[in-house]
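Using the sequences and the hints, build the whole thing.
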Amino acid sequence: MARARLLLILPLFAFLSTGLLLAQTSTKPLTFVRTTRLSGGAVSSLIGRVQDTPDVDETFDIPGVSGDNSLARLPASHVPKPAGTPFGSGNFTGFAGLDQFLQAIAPTPGFNGANGQLEPPDQGLAVGNGFVIEPINNAIGIYDTAGNFLAFEALSSLFGVPPTFVLDANGNVTGFGPFLSDPRAYFDSVNGHFFVTETEIDTDPGTGAFGNKGHIFIAVSESNNPLGNWNVYVLDVTNDGDPRFGGCPTGCAGDQPLIGADANGFYISTNAFGLPPSTFRGAQLYVLSLSALESGPGGSITAIHFGDLSAAGLPARSIQPATVPPGGVYESASGGTEYFMSAVDPTHLLDNRIAVWALTNTSSLNSTPALSSPSNVIVGTEVYGFPPSTEQKPGPTPLRDFLASPAAAQDPTIGGIFKNHEELLAANDDRMQQVVFANGMLWSAIPSIVKPQGPVRAGAAWFILSPSFSGGTLSASVVNQGYVAIQSPSQNSVLFPSVGVNASGKAVIAFSIAGQDFYPSAGYVTLDATTGTGPIVISRSGFAPDDGFTGYAPFGFRVARWGDYSAAVSDEQGNLWMGNEAILPPLVQFPPGVLFANWGTFITEVPQ
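Take 0 as the starting number for the sequence shown in numbering that gives the first Met the number 0 and just add one per residue.
Just so you know, the hints here were simulated from the structure itself, not pulled from any lab data.
Each hint should be verified, as a subset may be incorrect.
[Stated by the list, open to error] Cross-link-like lysine-lysine pairs, in silico, DSS-like; alpha carbons within 30 Å at most:
1. LYS27 x LYS212
2. LYS392 x LYS450
3. LYS80 x LYS450
4. LYS392 x LYS80
5. LYS392 x LYS418
Note that this is a predicted model, so its numbers are computed, not measured.
Written out as structure tokens, the structure reads:
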């Protein structure tokens, strides 16, 4: 959820034990919003205003569990010390995706508004039928597979809500739209539909202050052509918090909606936080009929909600639903089974357990839903742990220089002179990243602390697990596991891994690379269930250090937002696609103090 937005004026154009959970279960209606299409239009303006938002999705404590001086499960001597992953070459193509400037000027048709500057982007990606869809904070771009730009719009416009800032004819702020964040995308290759989701928090339209209601938007294309019509729905999650954490007396929001699908259902998992964004209120799971969503707004759609979810005797967090790649085989056992994975580590230190979850009888979603209660099994794994922020290679930082200049004192957005160190990049925490069910196995990765040589740094812990659900009992075992880490005496890091797998079991792990020897870059490794990872391939070298406002006073302190996640998917031909944050050459050169962040995204294809 968390990111920071900044707006400026421009004339133009972010162990093995099984648990059957006595989860809270309820149902709630999904509300149809409208049918629309991406119309684009004139680019929007920026305004001189900063909007800071709580960083609850960087990392957070579980009340009564983490942050209470609990002992770590494992001592510090167990920090992973992998040999390190060599660098090499690879067969890939790619193109620049959306960046800070483009999202800031994204069209807001129907409103005279401003999308604004923000960081981090939060990378969504879906590829199918010759189209590449990239939703980020807070815009969406559609390309063909050659990288040609086909459509471009603010996500607020897709969902039918006012933009971040509503302007009058003179560019003055006259109102505020809701807070939107954490976009995700999915392509159902069997039925031919694209999905885009994003979390929402109501705001006071007059002041922009957070309200007390939270929602999840779901947009579904009517066909396999994303340039055609989309049906937009909204799910109210305002009252969805666990009683053990006090529920939602002032409302709740669903942070970082994680999405997955099988042949029968579309699944959304969130971390609930009280409003205004404050403490964690439990992981929440929502189940929707896939066919109902794809059939359009003709009938009512009901979401099945599960709360009070636990793993290893602890409140669960960030439960990642699995997707199945195009041409892959869905799990048909037990009337249809959807798998999920989550990290355990309740103390933000070190752990060696992964929770594998299952929801069965999903085929009942096509008639009268009769789902099992979610169950999980704890699998002993390699060690992973909370990753550190990473240093950066020295280089030009025009924003940092501007903030330390007399001109900053004259700028109403800043109002003073601020001397800052070069910022670090946040690696956030060790939550589970996206999960793929392919070739009968679950594939995923976690950001983790590693120490291959020299100082500790961020790396990726990856896992390939074999699940099964038989006779009402869930089990899972490790097929392979390992790390991606940069072997160097300098602190060089791998940030925000995501695993993409095709139906043949060919896989990649996508990530950003940054550190004392690298400007923030896009990279990947290949992954095989038997032989493990190939060398690190840099698909787009970074152009400069990250120079974003969230790591500088007066907006932040020392650590800049990055991520919060990457994306990797397969297309119908088995080609593997990745979206990663990187620092790319600017599209337009502006004088210092105009653009307050310089991130970009890069889309990489590894053909098969």
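So, going through the hints one by one against the coordinates:
For the hint pairing LYS27 with LYS212, the CA-to-CA distance comes to about 15 Å; that is within 30 Å, so the pair holds. The hinted pair formed by LYS392 and LYS450 meets the criterion: a straight-line CA distance of about 19 Å does not exceed 30 Å. Distance check on the hinted pair: LYS80 and LYS450 sit about 5 Å apart at the alpha-carbon level, within 30 Å; holds. Between the alpha carbons of LYS392 and LYS80 the distance comes to roughly 23 Å, so the proposed pair stays at or under 30 Å and holds.
For the hint linking LYS392 to LYS418, the alpha-carbon distance of about 19 Å falls within 30 Å, and the restraint holds.
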